[in-house]
Structures are given as structure tokens and as C-alpha cells.
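Undergrad: Each chain, written out:
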Amino acid sequence: MLIDARSLSKDHRIETEVCIVGAGAAGVTLAREFIGQPFRICLLESGGLELDRETQSLYQGERTGHPYFPLDMARLRYFGGSTNHWEGWCRPLDEIDFETREYLPYSGWPFDRSHLDPFYGRAQTICQLGPFVYDADAWKLDASPPLPFIGDRIITTIYQFSPPTRFGKVYRDEIARAGNTTTFLYANVVDMETTETGQTVTRLRVACLDGNKFWVSAKLFILAAGGIENPRLLLLSNKVQSAGLGNQHDLVGRFFMEHPHLVSGLFLPSHPASSTDLYRRPHNTEKKVSVLGALTLSAKALRREQLTNFSAILVPPRSWSQVSKGVASFKRLLSEFRRGSVPEDFVKHLKNVIVDLDDVAIASYRQFYKSEYPLATWLALENRSEQVPNPDSRVTLTAERDRLGKNRVRLDWRLSSSDKRSIRRGHEIIGEELGRAGLGRLRVVVDDNDSVWDSTMVGGFHHMGTTRMHVDPQQGVVDANCRVHSMSNLFIAGSSVFPTSGYANPTLTIVALAVRLADHVKRIMT
Amino acid sequence: MIRTITRRNFLCTLLCLSVFTLSRLPRALVKWRGARVHEPLALSLANFFSHKQSAKIIGLQYLRFAPKEADVHLLVELICSHRPERRTELTIANVNKRRELLLLQQRQDFEHGRIVKLHGWILSETEVRLCALTALV
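Top to bottom, those sequences are chains A and B.
Residue numbers for the first sequence follow the working numbering, so the first one is 72 and each next one is one higher.
Residue numbers for the second sequence follow the working numbering, so the first one is 2 and each next one is one higher.
The set of hints was computed from the structure by calculation and includes no laboratory data.
Given the structure is predicted, the values throughout are model-derived calculations rather than measurements.
Wrong hints could be hidden among the right ones.
The list that follows gives simulated cross-link-like pairs (lysine-lysine, DSSO-like), each with its CA atoms no further than 30 Å apart [unchecked claim]:
| no. | chain 1 | residue 1 | chain 2 | residue 2 |
| --- | --- | --- | --- | --- |
| 1 | B | K69 | A | K211 |
| 2 | A | K81 | A | K359 |
| 3 | A | K371 | B | K118 |
| 4 | A | K422 | A | K240 |
| 5 | B | K98 | A | K419 |
| 6 | A | K593 | A | K402 |
| 7 | A | K359 | B | K118 |
| 8 | B | K53 | B | K98 |
| 9 | A | K419 | A | K240 |
| 10 | A | K422 | A | K211 |
| 11 | A | K81 | A | K419 |
| 12 | A | K81 | A | K358 |
| 13 | A | K240 | A | K284 |
| 14 | A | K284 | A | K310 |
| 15 | B | K118 | A | K402 |
| 16 | A | K422 | B | K98 |
| 17 | B | K98 | B | K118 |
| 18 | B | K69 | B | K53 |
| 19 | B | K118 | B | K69 |
| 20 | A | K477 | A | K284 |
| 21 | B | K69 | A | K422 |
| 22 | A | K81 | A | K211 |
| 23 | B | K53 | A | K402 |
| 24 | A | K81 | A | K422 |
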């Protein structure tokens, strides 16, 4: 049953067994897994069935640190959550992503990849993917074979593409029909009340934007509101525990991670461009799922070089600005001059223009004569990278309040110098191996200044790590079962529990962890 | 119509010409130093690249990075790894065979870590030296 919460009477009291906060990939998966169980489910969704600006504006917040997307643009706040606009990129985290790596501070999950494999298998079906197979060689493709590297440093891996599954549309009827599930739309959790000890959540205060408020009492609560809203709700619930729920060790909101996306290299293939077809566009397979190849370093190479994980796909360069720093600087200078100003880093840009004067000349030729001069022979490497867990990269509350009177958030996204160094070294290795195999040459375009990032480096709208998982309460907000340490009945679902991020898009892992959590809750409740 | 040149314009033109000449001087010097040694194999090796202009640009960049190698004879020796039999092999080989040998040598460079990072490019020592030769010969 779907109910518009605005139609409830004032201070209405809802009694249930399990309350899920948020109807995105995690929340919808949990609700589906509970269908037919001998307990009642209450699913609370902040938005309705379509996007509306008022609700979406509740996401607004400040941004400091590395430039980031406006927060109300980064996620979608209505039934189905951000699956309403995702592109469907899927792959599991790699085995090494779960490992405690001595060279990577704060790394290590409480379990390994093999533990999560059965849940990944179930998540594949939920995300409407093919078989749980991510080795490039295992697929029969209508594309060129993987690049024939020599040795064991570089491997070709696979992304699968979900249709993409719009969870809010594909699974809406199933959830609406479920006898044990009631979904409340336009229902915003504004506070979590606890017992006097602060160890058990008793009920949630829920508010609608029209002013209506009601209560939800349950035996067990699961936050599935996303990587920024999950910590926000914990921090806002500070009546009994002044630092917020689960925040005795000042970990809630810390370790915010994204997947840095950037053009990291330019590849000049020795052979016709068709030999790289696998890495350039999704390909249909006999199993009716689209897949795309990507270059990664083997776990052995990552360990030996002490690098974070990453993958790179190949794309035709969109412009000479991507090919040449000099051209990018030239464009920047031109645009600043036209506005009558001089950029602060004028000397740096001028130097780039002088060093790449030949590129600038070719780019100008292309611009004036609308020519297709040589770009077609190049391929850009688009990198998606694991971020080093960093306690200073964090989400906090600000004094500003939203329409419901709750403090907004400040996102301070910080990357470390080892993030950049790792990406650069990883691409140097790709360049060495391309040369060794006679496949072509690579120009690494990640510069040597590790403390400064190019403004073209962006995130992937992936919010991770802010309620990290660790068996030790001093190192994690949730335990291995995603229960908030020191809380008896509060659980968290979603990418906020990731201790490390890998490079894979998070949705498949979010769904796998939600399936796993659902199994755990079923055991508790029955 | 008679056009008069002012003293100011004349000096300005002279200054521009001087700056231009000075800016070309290091390159000309490098070229002169390289070309003064007659080396028959150097000419063959310098023909390795089909896009000579690009090779020259890379070669000059490399020579800025390794100015001691701005010498045709030395570059040939380095490309031949100071091995007389390698020099003979490259000298008697026809164009295709020479190309094959040099491509293999480049791949071996990558295999054994003889790599040069130049302006972001990950290149083999052999190929940057071939580029340098192209710039000098």
C-alpha cells in the first residue's frame, strides 16, 4: 500500500516491526526482500512518485574542499531515489578492495569478497544484469578481443550495464501490493527518539512539508537514505547523545569518499582503432546484457606498487583541451581576457601555451577551418579511481536550517596527495605495458603536483564511507552486520557503510549489502 | 609613395629580429654540433619515423632533458648499446629488417625498464634517441 503521508491525521501513530527510511536502491531492495515475511514493514520516502523541487531542495547544503556538484543535484529524493537517473554501470568490488592493505590507512572490510559473492549473485538479478561474471575472457562479444598485454600487470575487466533498472518504477507495484508493507510518501524523518540510555531507538518523528507530523514506532529501524543523509540523520538525533547517535568516537560523517573521475592519459594506438573497440563502447552479448571493457592493474601489481585501485576506459577525446594542457590554458586565457580579467595563475597558463605551442596552432587551425585534423587517431583514458579513506573528508551540520527546521549539511570533500600519485603511477604502468606489448604509446596527463587537482577532476555522484563499517567501535560506525555500534536496533544500508570504495560504481554493492542485511533482519525477526 | 621608417620603428624591428635569432640559436647550435659528425648509420636510423616533424619535436625535448647526448655519434653508439655486432646488424639490414629490429629493441626497453618519461609520454630509450637523431641529422 502506498499512502500520501500528508493525508494522515496530526500526530498519527504508526506501529510496525521494521521501519525503513528511504526508498532508493537499498530501501526498495530491503522492502522487496521482506515481502511475505511474518512481520510488518513501514517504508518512509521523503518524496513522492515524481521529482518535485520542494522536496529536492531539502538536500541543499554547503560545499568546501575540492569543488563538488550542488548537493541537491547529486542525488534524487523521490521513490526509487537516484536509480531514477543512474546510467546502470555495474560491477562488484574486487577482492583487493576488501583487504586490509598495510600501505592504505583505514582499509579492510570485516569480511572478504567471497562472503559477499552469493549476495552479489542475487543483486545481479535485482539490477537486471547477466550472470555474475566479470572476466573479459568469459564473454563472447561482438567486439575486438581484449588487448594482448604481456605479463601480469594489466588486466582487462568488465562493466555490465543494467537497463538501467529504475527501482521506483520496476518494483513499485510489487511493493504496493505486498500485504505486510506500507509505504508513506512525502514522509521526512526529522528525529530519532531513543530510550534514556540512548541505546535503543523507540520511534521516529516524521514531518511533511505541508506541516503535518506523525510518529513511527518499530522494533527495528534501518536508515537507507544515502551517503549524506544517513550521517545527517544520526547527527541530528542528538537529544540523548549530544554528538548524535552512534557518534561516540566522532566517526559519523567522516571518511566521505567519492570516485575521482578524470581524463588521465592519451593513448596513441599502434594498430587500427578497431582493436580497442571493447574499451570504447558497450557491446551486446549473447546473454542480452551490455558490457564494456576497462583496463585495470592486477591485484599483484597494486600491492607491489602500493597503489589504490582504478579502472580506465577509452573514449575519443572530445576536444584538444583534453589532449593538450597548452590548448586548455590558451582557452582559459582567452576567456579571461574577453572578460577583461587576468587569471591568478597567468604565468602557469602562459608557460603551458608556450610549451604546447604546436598543439595550440593545430587547435586554432581546427577552430578556424572546422577541420578534423588528427584527433581521430587518439583515445583518451577516462579514469575512475578508488579514494584513499580520509577522516578529514567529511559531512557536518551547519547552522542553516531547511524548511523542516533541521540543520543543513556541509560537505568537505578532501583528497590526499597519495590519491593523485597513485593515479599517475598507475597510468605510467599502463604506458609501460602498452609499449612493452607494442600496442602503442601513452601520454600521462596527470601532472606532478600532488597537492593540486585539475578542475576537470570530478566525482561520480557516489557518496560513500560516512558511516563506515568496522568490527571495532572505535574505528567504525556500524558493525559487520551494519548495526550501529552501541545501538541495539538501528541498522544502516547503502554506500555510507563502505570502509573503502574500490573503483566500481556502488549500486551493485549497495544492493548486495541490502540483500545481506535483509537476511540478517529476517533471522532476528523470526 | 615613399614610406619613411622612424627611428623608433627601426629599433623595435631590430629588437624583434634579435630576440628571434637568439631564440633559434640553441637549436641551431645543437644541430650544428650533431651534424658535424659524419655517421652513415645515423642517416638510416633517422629515417625510422614516417612523421619526421613530430619525431624532431620529441627529439629536441629529449635533448633538453639529456643535453650530453646531443651528439650523433654518441646517439648511434647508445642505440647500438655500444655493441659492434649490433652496429653491423643494423647497418647491413634492409629498411624493413632494420625497422623490425628497432621495434623489438623498443619493446625490450619497456620490458627492462629503460623508459623515459617526457612531457607525460612514456617512451623507450631507443625511440627517444631515434627521435633525437632525427632532430640532429
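Undergrad: Take the hints in turn and mark each one as holding or not.
TA: Hints, one by one, checked against the model:
1. B:K69 to A:K211: violated (52 Å)
2. A:K81 to A:K359: Not OK: A:K81 and A:K359 at ~50 Å, beyond 30 Å, violated.
3. A:K371 to B:K118: holds (24 Å)
4. A:K422 to A:K240: violated (53 Å)
5. B:K98 to A:K419: Status violated; Cα separation ~45 Å.
6. A:K593 to A:K402: Outside the cut-off at roughly 59 Å; violated.
7. A:K359 to B:K118: Roughly 43 Å between the alpha carbons, so the hint for A:K359 and B:K118 is violated.
8. B:K53 to B:K98: holds (20 Å)
9. A:K419 to A:K240: violated (50 Å)
10. A:K422 to A:K211: violated (48 Å)
11. A:K81 to A:K419: Outside the cut-off at roughly 62 Å; violated.
12. A:K81 to A:K358: The hint is violated at about 52 Å.
13. A:K240 to A:K284: holds (27 Å)
14. A:K284 to A:K310: Roughly 18 Å separates the two Cα atoms, so the pair holds.
15. B:K118 to A:K402: Holds, at about 26 Å.
16. A:K422 to B:K98: violated (42 Å)
17. B:K98 to B:K118: holds (27 Å)
18. B:K69 to B:K53: holds (22 Å)
19. B:K118 to B:K69: holds (17 Å)
20. A:K477 to A:K284: holds (14 Å)
21. B:K69 to A:K422: holds (25 Å)
22. A:K81 to A:K211: Cα-Cα ~59 Å, so violated.
23. B:K53 to A:K402: Cα-Cα ~28 Å, so holds.
24. A:K81 to A:K422: Violated. A:K81 to A:K422 sits at ~66 Å, over the 30 Å cutoff.
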